[in-house]
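If you read the protein sequences in the order shown, they are chains A and B.
Residue numbering for the first sequence follows the numbering used here, beginning at 1 and increasing consecutively.
Residue numbering for the second sequence follows the numbering used here, beginning at 1 and increasing consecutively.
Be aware that one or more of the hints could be misleading.
It does not matter which identical chain is meant; a pair holds if it fits inside one copy or across any two.
Calculated cross-link-like contacts (lysine-lysine; reagent style DSS-like; alpha-carbon spacing at most 25 Å) [to be verified]:
1) Lys13 <-> Lys261
2) Lys13 <-> Lys282
3) Lys304 <-> Lys282
4) Lys294 <-> Lys333
5) Lys88 <-> Lys221
6) Lys304 <-> Lys221
7) Lys282 <-> Lys215
8) Lys250 <-> Lys88
9) Lys220 <-> Lys282
10) Lys261 <-> Lys221
11) Lys333 <-> Lys282
12) Lys58 <-> Lys275
13) Lys13 <-> Lys58
14) Lys215 <-> Lys294
15) Lys40 <-> Lys333
16) Lys294 <-> Lys13
17) Lys294 <-> Lys282
Because the hints were derived from the structure by calculation, they are not lab data.
Protein chains: 2
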Amino acid sequence: MSKTKKKNELTFKEYTEGILNGDRSVLSQAITLVESTLPKHNDLAQEIINYCLPHTGKSIRIGITGIPGVGKSTFIETFGLYLTGEQKRTLAVLAIDPTSERSKGSIMGDKVRMEELSLDSHAYIRPSPTGGSLGGVAKSTRESILLCEAAGFNTIIIETVGVGQSEIAVDSMVDFFLLLLLAGAGDEIQGMKRGIMEMADAVAITKADGDNTGKAELAKKEFENAIHLFPSKEGGWTPEVTTCSSIENKGIKEIWDNIIKHRGLIEQSGVLERKRRDQARKWMHETILYGLEKSFYSNEDISKIVSELESEVTQGEKSPFTAAQELLNNYFKNFSK
Amino acid sequence: MSKTKKKNELTFKEYTEGILNGDRSVLSQAITLVESTLPKHNDLAQEIINYCLPHTGKSIRIGITGIPGVGKSTFIETFGLYLTGEQKRTLAVLAIDPTSERSKGSIMGDKVRMEELSLDSHAYIRPSPTGGSLGGVAKSTRESILLCEAAGFNTIIIETVGVGQSEIAVDSMVDFFLLLLLAGAGDEIQGMKRGIMEMADAVAITKADGDNTGKAELAKKEFENAIHLFPSKEGGWTPEVTTCSSIENKGIKEIWDNIIKHRGLIEQSGVLERKRRDQARKWMHETILYGLEKSFYSNEDISKIVSELESEVTQGEKSPFTAAQELLNNYFKNFSK
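Extracted from the complex, chain A is given alone in its bound form:
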C-alpha cells in the first residue's frame, strides 16, 4: 500500500477514513483519483476501492436519461430535493457524458443549474469528467458509485444524455432506469438512440405544466400503448408511464413510489441480487476487453498501420478479416520479440 505522502496528496489511510466518515472533500479527491489515467493513481484507487468494498452495494442506483432539452437538470434538482427532504435520503448525482468537452466555466454551469440541490447537505453532485473514451468514463463512474456508497449515500443517480451509447453502459450499472421524454408532435424520441425505450423501467413525460399539460397527457397515453408491445422486464415488471412537472413539483412523488414498488419486486424475487452479480461479472469481463483493446490500439506498430488497412477495407480492396488478421499477427509478434 502507498504510505508515502506527497504534497497535496492524501495517504491511503486518509482516503479511506475520509470516505468512510462521509467527508465530501476526500470523496471528491478519491473520485479524481479514480478518473486519473496515471498508472500510480490507478493502483492507489484500486486499493481504496477494495478497502471500501464491504461498505458498498446498499444504495438504490437509478439511471436517468433523456435528450438535451428534456429538462434533466431541473428534474434531478426537484426530484433530489424531494428525496433529501420528504424521504430523508442521502443522494449522490454522477454524470456519464463521454462527449463532454466542458470547460471549468460550464462545470460551474452544471452546479448552478442544480443550485438548491448543490447546497443541500444531504446531496453530493459530481459533474461529468471531461473528455475520455466511453470505456474510461464508464469505468470511473462505476468506481465512483462504490465510493459514494462507502461514503454513506443511500441513493445514487447516474445522469446520462440519451443520444449515444452511454445509456447502455448506464443500464449495466443501475437498478432502475428512468427515461425522461418531452411531449411533441409524434416525433417524441427523434434523435434518441435506438433501443433506449426498451431499456426503461419507467418513462416520465416532463414539462407537464401550463399549456403543455394536455400534450403531455396525450403523449403519456401513446407511450403506454407502445410500452405494452415490449417484453416485460426481469421479474415481470411492466414499465409505468407518468407525467411530471419539475417547476410545479407534480408527479415527483409518484416516480419515487414507482421506484420503491420496483425495488420491492426485485428484492423479493431475487432479481436485484442476480442483477448485481451479473453486472459485477460483466464489469470484470468488460474491463478485460477494454484493457486488451487499449493495449492493442496504443501499440506503436499497430497505430502506424491501422488507418491504412482500414482504408483498404472500406475501399473493398482487402477483406476485413484479412486486415484484422494482419494487425493481430503484427501485434502478437511484438510480444514474442
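Please arrange chain B on chain A, whose structure you already have, making use of the hints.
Here is chain B on its own, set in the frame of chain A:
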C-alpha cells in the same frame, strides 16, 4: 498460396474457379472451410475470400428474424420461391444460430422444411453451422455472404432466431432487416430480445390466414402506431408493417416491393454505400477484438484462474476492476517471458 493438393481437399484454384463458376458443391466446401477453426483452413479461406472480393457486394442482403413458431422457414420458402420465380432472382439462404446443437438429423429437418426451395436450381440453402460462439458464427456467416455473392447469387437471406444477440450481429451484415411477428394477445414479442423491434426496416405479421386474419390485422395496427414512436431509420426510412400468409401466398409481393422501395432510397441517398463501408470497418475492428479476446481466454494461465476470480467478484470480495487488472497483468507477463 496453398497449391499442394491433399486427398479430398480442393486446391486454391479449384476453389476459386468453382466459386466464380457458381458450382454449389465447391461453394459448400468453401463455406465449410470458412467455418473451420483449424489455422491452416483459415489461411486458405482468407486467400479465397480476398481473391473473390472484386466479385462481391452486388447482392441485396436481407436479414430475417422472428421467435420460434413465427413460421420463419415457411415464410422463407414461400418468399424464396417468389424471388426465384416471378422475380427471376438467385437466392442464397444462410442461418445464424450460435445456440444450435443440431444433429445431422435436424439439419436434414431444416432442408425438409424448405423442401421445394431446396430443390430450386436458383436457390442455395446452407443450414446453420453447429455449435461455436456467436463471434465465430458471425464471422463465418459474413464470409459466407461474400462467397455466395462471388458465386453469383444476387439475393442473400440471413435467417436468425430472434431470442439472442445474434440479430445484432445480423444487423451489422445486411442492408434490410425484416422482423416477423405473430399476432397474439398483447404479448406479441414476449421472449424476444429487447431492442430488436427498433432494428427492423419492416415488420411482417405472419399467419394472416383463416381465423387468424382479423387478429393479424389488429396486430398490424398496433405495431403501426408503435413504430411511429421510434426514430426513423437512416435516410429517413420509416418501417412499414404488413401482414402475410405463407400458406395462402398473401402479402409476399408487398414485402418484396417494400424492400425494393427501401433499396432505391438507400442507393440514391448514398446510405447503402456508407452502410456497407461502416459495416466493413466494424467487421475489421470486431474481428480484432474477437481475436484479442480469444487469445486471452484461451491462455492456459488465464483459464486456470478466471473462474476463481469471477466468483470472488460476484461474492463482492474483490472489485471487478482489480480482478480484471490481475488477469491482464498475468496475461501480459506471459508475453514478455
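So, going through the hints one by one against the coordinates:
Taking the shortest Cα distances, Lys13 and Lys261 never come within 25 Å of each other, neither inside one copy (39 Å) nor across copies (67 Å). Proximity of Lys13 to Lys282 under the C-alpha cut-off of 25 Å is found in neither arrangement, the shortest distances being 30 Å within a copy and 45 Å between copies. In this assembly of identical chains, the alpha carbons of Lys304 and Lys282 lie at most 25 Å apart only when taken from different copies (19 Å versus 32 Å within one copy). In the homo-oligomer, the alpha carbons of Lys294 and Lys333 lie at most 25 Å apart both inside one protomer (17 Å) and across protomers (16 Å), since each shortest distance falls under that limit.
Neither within a single protomer nor between protomers do Lys88 and Lys221 lie at most 25 Å apart by alpha-carbon distance, with minima of 33 Å and 46 Å respectively. For the homomeric pair Lys304 and Lys221, neither the shortest alpha-carbon distance inside one copy (54 Å) nor that between copies (54 Å) is at most 25 Å. For the identical chains of this complex, Lys282 and Lys215 are neighbours neither inside a copy (40 Å) nor across copies (41 Å), given an alpha-carbon limit of 25 Å. In the homo-oligomer, the alpha carbons of Lys250 and Lys88 lie at most 25 Å apart inside one protomer (19 Å), although the nearest pairing across protomers, at 61 Å, exceeds that limit.
Taking the closest pair of Cα atoms, Lys220 and Lys282 never come within 25 Å of each other, the shortest separation being 34 Å inside a single copy and 37 Å across copies. For the identical chains of this complex, Lys261 and Lys221 are intra-copy neighbours only, at 21 Å inside a copy versus 32 Å across copies, given an alpha-carbon limit of 25 Å. In this assembly of identical chains, Lys333 and Lys282 lie within 25 Å of each other by CA distance solely across copies; the values are 24 Å between and 30 Å within a copy. Taking identical chains as interchangeable, the C-alpha atoms of Lys58 and Lys275 lie at most 25 Å apart only when both belong to the same chain, with a minimum of 14 Å there against 44 Å between chains.
With identical chains, the CA atoms of Lys13 and Lys58 are at most 25 Å apart within one copy only, with a shortest distance of 23 Å there and 65 Å across copies. For the homomeric pair Lys215 and Lys294, neither the shortest alpha-carbon distance inside one copy (47 Å) nor that between copies (52 Å) is at most 25 Å. Taking the closest pair of Cα atoms, Lys40 and Lys333 come within 25 Å of each other only across two copies (18 Å); inside a single copy the shortest separation is 28 Å, beyond that limit. For the identical chains of this complex, Lys294 and Lys13 are neighbours neither inside a copy (31 Å) nor across copies (40 Å), given an alpha-carbon limit of 25 Å.
In this assembly of identical chains, the alpha carbons of Lys294 and Lys282 lie at most 25 Å apart whether taken from the same copy (18 Å) or from different copies (17 Å).
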